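Protein chains in written order, with my numbering: chain F, 147 to 448; chain A, 0 to 155.
No wet-lab data here; the hints were simulated from the structure.
Below, simulated DSSO-like cross-link-like pairs (lysine-lysine); rule was C-alpha separation at most 30 angstroms, straight line: (1) A:145 x F:372; (2) A:149 x F:305; (3) F:148 x A:145; (4) F:339 x A:126; (5) A:149 x A:110; (6) A:137 x F:333; (7) F:165 x F:288; (8) A:89 x A:70; (9) A:107 x F:231.
Predicted, not measured: the structure shown is a model, and the values here were computed from it.
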Amino acid sequence: MKNRNLISINDFSKEEQIKILDTAEEFEKNPTQKILEDSVVATLFFEPSTRTRLSFESAASRLGAKVIGFSSSASSSVSKGESLKDTILTVSNYSDIIVMRHPKDGSARYASEVSPVPIINAGDGSNQHPTQTLLDMYSIRKTQGTLDNLNIAFIGDLKYGRTVHSLTMALTQYNTTFHLVSPLELKLPSYVKRHIKQNNLDYHQYTDLMEVIPKADIIYMTRIQKERFSDLMDYEKVKNAYNLENAMLENAKDNMRVLHPLPRVNEISVDVDTNPKAYYFTQALNGVFVRQALLATILGVK
Amino acid sequence: MENKETREELQVSAIENGSVIDHIPVQGVFQVIKILNLDQIEDMVLFGNNLESGKYGKKGIIKVRNKFFKKEDINKIALVAPAATLIVIKDYKVVDKTVVEIPDQVEKIVKCFNPNCITNIEKIETKFEVLKDEEVLKLRCHYCEKTTTKETMVFL
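With the rest of the complex left out, here is chain F (with noise of 0.2 angstroms):
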C-alpha cells in the first residue's frame, strides 16, 4: 500500500483494510516509535475540524514525523484566491505526504489526481471521509472482537451523515444486519441502502429509537442538525427523540457500546459518559492509532 492515495473506502479491498486496522492495533500496544523522523506531514485543512486535525498532527507526531500546513482556508493563500491545484503542487514540494480537509467534494480525488506525492481525504464536503470509517471499523473490532454477523444501529440523521454512509458501505462486506433508526425526512438514501441490497444484507428501518436498543451490537449516533430542515416545525417534532439517555440502555445487550463520530451535543445525555457501554471517547482514541497506522503503511515504514 506504499505510495497509495485514501480518498474513498472503497480505494482499499477488505484485506486492505483489515491490514490497517491489525497495523493499528500494533501501534496501541506501542503507541510512540519513531520510525517517521525523516518525514514531513503537511496537513491542510481548508475548513476548520479540530479533531480530524489534531488527530492526525497527534500520530504523526508520535510516529517522529515533522508537521506542517495551516488549519483553515483564512490562514492559507487560498485566501488569495489560489487554485487547489496549485495549493497542493506547492505543498507537495514540502512534505512526503498531503493529509486534506476541503468544503468541496471530489476535491480529494482531484487533489490525489495532480499531486505527486499520496493524499489521504480528510472530508471532503459531503462526500467521504475514509479515516472516521476506519476508526469506527477498528471501534467496532475491538469491542466486539470480530467485525463479522454483527447486529448495528445507526441512530438519527442518515440522510447527509457521510460517516453513517461510507461506514455502511464497508460494514456490506462482514454480513452486517442494519437496523436504521432516523426521522421519515433523514432516512438513509437509496444509493446507500442499494449496496445493502446488494449484498443481500437485511435492513430494518425505525423511527423509534427505544425499539433497536435490546436488539444492537454498537449503536452508532449521529447528530440531528438543525440547518438540514427546511420546516422547523419538522425540526422541533423530532429534536428530541433521538437523545440517548442512560436509563434507556438498561435492556441493552452486554457487549453493546455506543459510538458517535463527534462532536456530541446533546444526542447523548452525558449521563451516559459513566456507563461502560460508552465507547465514544476511546473511538477517538482509537483514531490516532489507525492515522498511525495510514501514515506508516503509506509512507512505507510498516
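Chain A: place on chain F using the hints.
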C-alpha cells in the same frame, strides 16, 4: 430500405463520402452537433430536424462530408441519441451501418449537477462512470461520487 433512403435524400441532400447520423431525437440534434464539435468542422455539414420517420414519429439527421467517426467519439452521443445509427457512405453507397452504444465512461461533455462538486468550482474536466444497470441512465461523478440523471443532465 431503398425507398426510405431515397426519401431522406430528398429532404437532406446526399453526400458522396462521409458519415450520416440518423434517428436522432428532435431535441437532440443541436446537442449532437455540439458534442461532436461539428460546429468546428471545415467540410460540409448538412442537417435536418423534425423529419418524418416511420419508426419515431419525428427525427433529426446529420450528414458530414469526408468525416469518419471513431467508435469512442460517436458513442458520446448515446446520452442524447440512444437510438441513433451511424452510416458510413462511400461513393454515395452505404458501406457500414452501426448502432451507437452507451459508453462506460463519459468525459468533458456533461456538467456534474452537484453544485458543491469541485468540478463546478475549479477548472477541471468532468468525468463520469455510466451506471447502466439502473432503470434510468445515471452518471456517477468520478470526483464527488454523486449521480447525475437524465433529468439533471446539462451538456457543457
